[in-house]
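J.: These are the residues of each chain, in order.
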Amino acid sequence: GAGVSQSPSNKVTEKGKDVELRCDPISGHTALYWYRQSLGQGLEFLIYFQGNSAPDKSGLPSDRFSAERTGGSVSTLTIQRTQQEDSAVYLCASSLGQVKNIQYFGAGTRLSVL
Amino acid sequence: RKEVEQDPGPFNVPEGATVAFNCTYSNSASQSFFWYRQDCRKEPKLLMSVYSSGNEDGRFTAQLNRASQYISLLIRDSKLSDSATYLCVVTSELTGTASKLTFGTGTRLQVTL
Numbered sequence: 001g002a003g004v005s006q007s008p009s010n011k012v013t014e015k016g017k018d019v020e021l022r023c024d025p026i027s028g029h030t031a032l033y034w035y036r037q038s039l040g041q042g043l044e045f046l047i048y049f050q051g052n053s054a055p056d057k058s059g060l061p062s063d064r065f066s067a068e069r070t071g072g073s074v075s076t077l078t079i080q081r082t083q084q085e086d087s088a089v090y091l092c093a094s095s096l097g098q099v100k101n102i103q104y105f106g107a108g109t110r111l112s113v114l
Numbered sequence: 001r002k003e004v005e006q007d008p009g010p011f012n013v014p015e016g017a018t019v020a021f022n023c024t025y026s027n028s029a030s031q032s033f034f035w036y037r038q039d040c041r042k043e044p045k046l047l048m049s050v051y052s053s054g055n056e057d058g059r060f061t062a063q064l065n066r067a068s069q070y071i072s073l074l075i076r077d078s079k080l081s082d083s084a085t086y087l088c089v090v091t092s093e094l095t096g097t098a099s100k101l102t103f104g105t106g107t108r109l110q111v112t113l
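Chains as they are written, first to last, in the working numbering: chain A, 1 to 114; chain B, 1 to 113.
Any given hint might turn out to be false.
[To be verified] Think about it this way: if two alpha-carbon atoms lie no more than 25 angstroms apart in a straight line, the pair counts; the simulated BS3-like pairs of lysine-lysine are: (1) K57(A) to K100(B); (2) K79(B) to K11(A); (3) K57(A) to K15(A); (4) K45(B) to K11(A); (5) K100(B) to K45(B).
In short, the hints are calculated from the structure, not lab data.
Quantities reported herein were computed from a predicted structural model and do not represent experimental measurements.
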């Protein structure tokens, strides 16, 4: 079946604008994760969802970042009032929802804040 | 100190060479261990899981030493197509049904003719 799908693949925005990034997980995967990879940096965990709830939001870098997941499927990561330091690749992953399940990644959204 | 540490490289090796990558992790509660591969401007893809008993998949061998909190990846008879960044990944439990992946910054491998 289809893998994890993310859109847009690239997003260029101006500082101060809001952006929405979308993730469509693998069908049947109950756990969904957001990560961020900045240039020259490792992947940084942001938030995860089990079903529609997000038990752990501690990885979100500031209150400008929020995420939601509806219907236990598609998730949206919203960044308000974007800053240049938000420029990064935002990766989404999904898994079957058990601790040892493999996480499968989407191709990411490359965000550039000018 | 970073939770997962790797030598960033780059490792430049000729085709056919054997190359080894090492990784250390700081969280003794880490439960699962993986090597992911990431090609330039692509998403990470699972290469293999890592077990204390060792895990071999063709030319790739991964090993875990829990006592030393050390993970290794050995690539034998390297190919041009092995050129990529290799990410050491450890997991810690978030809840009973989900785990958080913590990535090292990756080790870059360049295999040359």
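J.: Now, for every hint given, state plainly whether the structure supports it.
T.: Each hint, compared with the structure:
Between K57(A) and K100(B) the CA atoms are separated by roughly 12 angstroms; this keeps the pair inside 25 angstroms, and the hint holds. Proximity of K79(B) to K11(A) is assessed by CA-CA distance (about 35 angstroms); at most 25 angstroms being required, the pair is judged violated. With a CA separation close to 24 angstroms, the supplied pair K57(A) and K15(A) stays within the 25 angstroms bound. This hinted pair checks out: K45(B) and K11(A) have alpha carbons roughly 23 angstroms apart, not beyond 25 angstroms.
Annotation: proposed proximity of K100(B) to K45(B) holds, straight-line Cα distance about 16 angstroms (limit 25 angstroms).
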